[in-house]
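K.L.:
If you want the building blocks of each chain, they are given just below.
Number of protein chains: 2
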Amino acid sequence: MARTSTVSLSLADAAALVAGILRRAGFGEGHVRALTETMVAGERDGCPAHGLYRTLVCVHSLRAGKVCGDAVPVVHDQAPAIVRVDAGGGFSLLAFEAGLPHLIEKARAGGIAAMAINHCVHFSALWPEIERLTDAGLVALACNPSHAWVAPAGGRVPLLGTNPLAFGWPRPGGRPYVFDFATSAAARGEIELRRRAGEAIPEGWGIDAGGHATTDPQAVLDGGAMLAFGGHKGSALSTMIELIAGPLIGDLTSLESLHHDAGAGASPRHGELILALDPRRFLGDDAPAHLLRAEAFLDRFGDSGARLPSQRRYEARRRSLAEGVRIPAQLHVELLALLE
Amino acid sequence: MARTSTVSLSLADAAALVAGILRRAGFGEGHVRALTETMVAGERDGCPAHGLYRTLVCVHSLRAGKVCGDAVPVVHDQAPAIVRVDAGGGFSLLAFEAGLPHLIEKARAGGIAAMAINHCVHFSALWPEIERLTDAGLVALACNPSHAWVAPAGGRVPLLGTNPLAFGWPRPGGRPYVFDFATSAAARGEIELRRRAGEAIPEGWGIDAGGHATTDPQAVLDGGAMLAFGGHKGSALSTMIELIAGPLIGDLTSLESLHHDAGAGASPRHGELILALDPRRFLGDDAPAHLLRAEAFLDRFGDSGARLPSQRRYEARRRSLAEGVRIPAQLHVELLALLE
Numbered sequence: 001m002a003r004t005s006t007v008s009l010s011l012a013d014a015a016a017l018v019a020g021i022l023r024r025a026g027f028g029e030g031h032v033r034a035l036t037e038t039m040v041a042g043e044r045d046g047c048p049a050h051g052l053y054r055t056l057v058c059v060h061s062l063r064a065g066k067v068c069g070d071a072v073p074v075v076h077d078q079a080p081a082i083v084r085v086d087a088g089g090g091f092s093l094l095a096f097e098a099g100l101p102h103l104i105e106k107a108r109a110g111g112i113a114a115m116a117i118n119h120c121v122h123f124s125a126l127w128p129e130i131e132r133l134t135d136a137g138l139v140a141l142a143c144n145p146s147h148a149w150v151a152p153a154g155g156r157v158p159l160l161g162t163n164p165l166a167f168g169w170p171r172p173g174g175r176p177y178v179f180d181f182a183t184s185a186a187a188r189g190e191i192e193l194r195r196r197a198g199e200a201i202p203e204g205w206g207i208d209a210g211g212h213a214t215t216d217p218q219a220v221l222d223g224g225a226m227l228a229f230g231g232h233k234g235s236a237l238s239t240m241i242e243l244i245a246g247p248l249i250g251d252l253t254s255l256e257s258l259h260h261d262a263g264a265g266a267s268p269r270h271g272e273l274i275l276a277l278d279p280r281r282f283l284g285d286d287a288p289a290h291l292l293r294a295e296a297f298l299d300r301f302g303d304s305g306a307r308l309p310s311q312r313r314y315e316a317r318r319r320s321l322a323e324g325v326r327i328p329a330q331l332h333v334e335l336l337a338l339l340e
Numbered sequence: 001m002a003r004t005s006t007v008s009l010s011l012a013d014a015a016a017l018v019a020g021i022l023r024r025a026g027f028g029e030g031h032v033r034a035l036t037e038t039m040v041a042g043e044r045d046g047c048p049a050h051g052l053y054r055t056l057v058c059v060h061s062l063r064a065g066k067v068c069g070d071a072v073p074v075v076h077d078q079a080p081a082i083v084r085v086d087a088g089g090g091f092s093l094l095a096f097e098a099g100l101p102h103l104i105e106k107a108r109a110g111g112i113a114a115m116a117i118n119h120c121v122h123f124s125a126l127w128p129e130i131e132r133l134t135d136a137g138l139v140a141l142a143c144n145p146s147h148a149w150v151a152p153a154g155g156r157v158p159l160l161g162t163n164p165l166a167f168g169w170p171r172p173g174g175r176p177y178v179f180d181f182a183t184s185a186a187a188r189g190e191i192e193l194r195r196r197a198g199e200a201i202p203e204g205w206g207i208d209a210g211g212h213a214t215t216d217p218q219a220v221l222d223g224g225a226m227l228a229f230g231g232h233k234g235s236a237l238s239t240m241i242e243l244i245a246g247p248l249i250g251d252l253t254s255l256e257s258l259h260h261d262a263g264a265g266a267s268p269r270h271g272e273l274i275l276a277l278d279p280r281r282f283l284g285d286d287a288p289a290h291l292l293r294a295e296a297f298l299d300r301f302g303d304s305g306a307r308l309p310s311q312r313r314y315e316a317r318r319r320s321l322a323e324g325v326r327i328p329a330q331l332h333v334e335l336l337a338l339l340e
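The listed protein sequences derive, respectively, from chains V and L. Under my numbering, the first residue of the first sequence carries the number 1, and numbering increases by one thereafter. Under my numbering, the first residue of the second sequence carries the number 1, and numbering increases by one thereafter.
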């Protein structure tokens, strides 16, 4: 029964716990704040894989010397429509915050703008960043490489990361249309969980070392490779992310990031690309009318029985804001141990 | 045997045939040239669905009054990083050409820029347009809605188009990395072909009118719906395309386009969004070094047994430039009839 024991925490207590651990581990105050906000938001929105559990990963990365705990991001005005932020080997979140006002300003001035975050360590979901841009009334896209665990369609060698892609469209009432998905067929953690449980994985998640389809998680994790979602199309999309959030911004591909890690098991180190588009510059005075058409389009999803990808997250958020969050008791014990 | 009879044409003869038909049908000279180039390129690159066969569709659309044959595109300098082209109800290709120099100039000036093509009729593959941008050393993305034939994941009502997404990355030697795929699991024409042949379709291509998975092409085409590739991820991507190449640029969603067609069976009428990113503005003097890193990354695909998505097209192109193209004899007869 111990496996299912949980501890209930208010969001404020959860934040205090995470912040205390990060501070004690040696993170600078800016990073403590940005990391805490993002991990509590993940737990709050029903995504424990990006929730409090990640505190352990952050501390591990710092202790392993794979992240700089007090890096100060440096913002560069790279071009009229490009802001570049050097994260200085710190986690990406503080760098994102440092560049955000410049990205918003450039998007509003030119209609579209890009932010490149360089030399960051990345572990977080992209939707909290996407929501910062939709809050500003902007359309947003974000992506980054990760570690090279995924073989391109038809290949047998892992060349691609799990490479998340996220998109946001502003909607009234603070509930933007947002998706944020890995371009791998499944999360690596999910395959790891099946391996531990001795369960098979569905076909399409991975191949063995010989390049053959397999349902054995062990074969995928040891010498095999994960696969992209959606066959050659997902694989192409993941390749695009390697290019535009790798060499295009002067940063590492997933393969280079994995080499850089050198077996330490820390979070991937690389860059991130964020695009922001301003409907008001695309549409001028007609913007309100066309945004209403988008509302009519999105409203049809519910009528048709389909869920919008952000819906489940907003439901979890509403629950958590009222009731707090529940985390596994074992995780709570591990977190408390980091305070001692 | 008649079914497999073919006619061999040099590329010059193929171009003369298509141009003659379009001219006779009443297209203006600019449209004749742009349409001919694109359809011959499709046939040349081993993609007959975007090849000479499309001449029939273009003529049908003109006769049905669904496209303006002599529309003159009007270019608007919408914002520092946005060029907008009003296609005036003509095919998209001439509008793309009219806006292209402005898009290139804006991308080089600001680092990233967008082109919105409005009020166009669209039938063509996106990769010929992508290649125009990679030829200029730019990274490119393009997408457009189509007709609402695809149900979002979990839904049973078609709200999405087959919504193609295309991407290009410049490479030395004029062979850019390019993908161009429909976000539907399969092309509508492919389902139509299976229906005619009395064959089943694979699972995952469509649902019947009750929203249930089916392998019966007839059930998909009559009251059912096609599905997106890659489940909820492909569906989310397709929804993004509806938004950014629909309301964001003040143009029709796939559902609105289908209503506009009103059963005429013409090509979809809507807009198209193209993004261009300049590696030289992202990277400055370091651009050549990082582009070489991208080459090293892409070169690994061949070594690993994976094909790059553009490879097959370039092989077909090389063959066609040497030997010309072969089209079905029946299609040749139908084309010749349009010259009479």
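No wet-lab data here; the hints were simulated from the structure. Take the hints with a grain of salt, since some may be wrong.
DEER-style ranges, computed between Cβ atoms [claimed, not checked]:
| id | chain 1 | residue 1 | chain 2 | residue 2 | range |
| --- | --- | --- | --- | --- | --- |
| 1 | L | Gly210 | V | Glu295 | 35 to 41 Å |
| 2 | V | Gln218 | L | Ala316 | 47 to 53 Å |
| 3 | V | Gly189 | L | Pro202 | 28 to 34 Å |
| 4 | V | Gly65 | L | Arg317 | 48 to 54 Å |
| 5 | V | Ala316 | L | Asp216 | 36 to 42 Å |
| 6 | L | Glu190 | V | Arg23 | 54 to 60 Å |
| 7 | L | Gln311 | V | Pro101 | 55 to 61 Å |
| 8 | L | Arg317 | V | Arg307 | 38 to 44 Å |
Residues from chain V shown here face chain L by an in silico Cβ test under 8 Å; the list is partial [stated by the list, open to error]:
| id | residue |
| --- | --- |
| 9 | Ala113 |
| 10 | Leu193 |
| 11 | Arg196 |
| 12 | Ala197 |
| 13 | Ala294 |
| 14 | Leu338 |
Residues from chain L shown here face chain V by an in silico Cβ test under 7 Å; the list is partial [stated by the list, open to error]:
| id | residue |
| --- | --- |
| 15 | Cys68 |
| 16 | Pro152 |
| 17 | Gly155 |
| 18 | Phe167 |
| 19 | Arg171 |
| 20 | Gly250 |
| 21 | Thr253 |
| 22 | Gly302 |
| 23 | Gly305 |
Just so it is clear, CB atoms sit at the ideal spot from N, CA and C, and this is done for glycine as well.
K.L.:
The structure should be examined with respect to each hint, and the outcome stated for every one.
P.N.:
To see whether the hints hold, each was checked on the structure:
Between L/Gly210 and V/Glu295 the C-beta distance comes to about 28 Å, which lies outside the given range of 35 to 41 Å. Evaluation of the 47 to 53 Å hint for V/Gln218 and L/Ala316 yields a failure: the beta carbon distance comes to about 41 Å. Under the hint 28 to 34 Å, the C-beta atoms of V/Gly189 and L/Pro202, about 30 Å apart, fit the expected range. The supplied range of 48 to 54 Å is met by V/Gly65 and L/Arg317, whose beta-carbon atoms lie about 50 Å from each other.
The hinted window of 36 to 42 Å between V/Ala316 and L/Asp216 holds, with their beta carbons roughly 38 Å apart. Here the CB-CB span from L/Glu190 to V/Arg23 is close to 58 Å, well matched to the stated 54 to 60 Å. The hint said 55 to 61 Å for the Cβ distance between L/Gln311 and V/Pro101, and at roughly 43 Å that hint is violated. Against the hinted window of 38 to 44 Å, the Cβ-Cβ separation of L/Arg317 and V/Arg307 comes to about 43 Å, which satisfies the hint.
Checking V/Ala113 against chain L by beta carbon gives a least distance of about 7 Å; that is within 8 Å, so the hint holds. The beta carbon of V/Leu193 comes no nearer than 20 Å to any beta carbon in chain L, farther than 8 Å, and the hint placing it at the interface is violated. Because the closest C-beta pair between V/Arg196 and chain L is about 25 Å apart, greater than 8 Å, the hint is violated. Contact between V/Ala197 and chain L, as hinted, is not supported at the beta carbon level, the nearest pair being about 23 Å apart and thus beyond 8 Å.
Among the interface hints, the one on V/Ala294 holds; its C-beta lies about 4 Å from the nearest C-beta in chain L, closer than the 8 Å criterion. For V/Leu338, the suggested interface contact is broken, since its CB lies about 35 Å from the closest CB of chain L, more than 8 Å. The beta carbon of L/Cys68 comes no nearer than 22 Å to any beta carbon in chain V, farther than 7 Å, and the hint placing it at the interface is violated. At its closest, the beta carbon of L/Pro152 sits 4 Å from a beta carbon of chain V; the interface hint therefore holds under the 7 Å criterion.
The closest approach between the C-beta of L/Gly155 and any C-beta of chain V is roughly 3 Å, which is under the 7 Å cut-off, so the hint is satisfied. The restraint placing L/Phe167 at the interface with chain V holds, with a minimum CB-CB distance near 5 Å, inside the 7 Å limit. Given hint, L/Arg171 at the interface with chain V, is violated; its Cβ is 10 Å from that chain's nearest Cβ, farther than 7 Å. Of the supplied interface hints, the one on L/Gly250 holds, with its beta-carbon coming within about 5 Å of a beta-carbon of chain V, less than 7 Å.
For L/Thr253, the interface hint holds, since its Cβ comes within 7 Å of a Cβ in chain V; the closest pair sits about 5 Å apart. For the restraint placing L/Gly302 at the interface with chain V, the shortest Cβ-Cβ distance is roughly 9 Å, beyond the 7 Å limit, so the hint is violated. Because the smallest distance between the Cβ of L/Gly305 and any Cβ of chain V comes to about 5 Å, under 7 Å, the interface hint for this residue holds.
Of the numbered hints stated above, those contradicted by the structure are hints 1, 2, 7, 10, 11, 12, 14, 15, 19 and 22, listed in ascending order.
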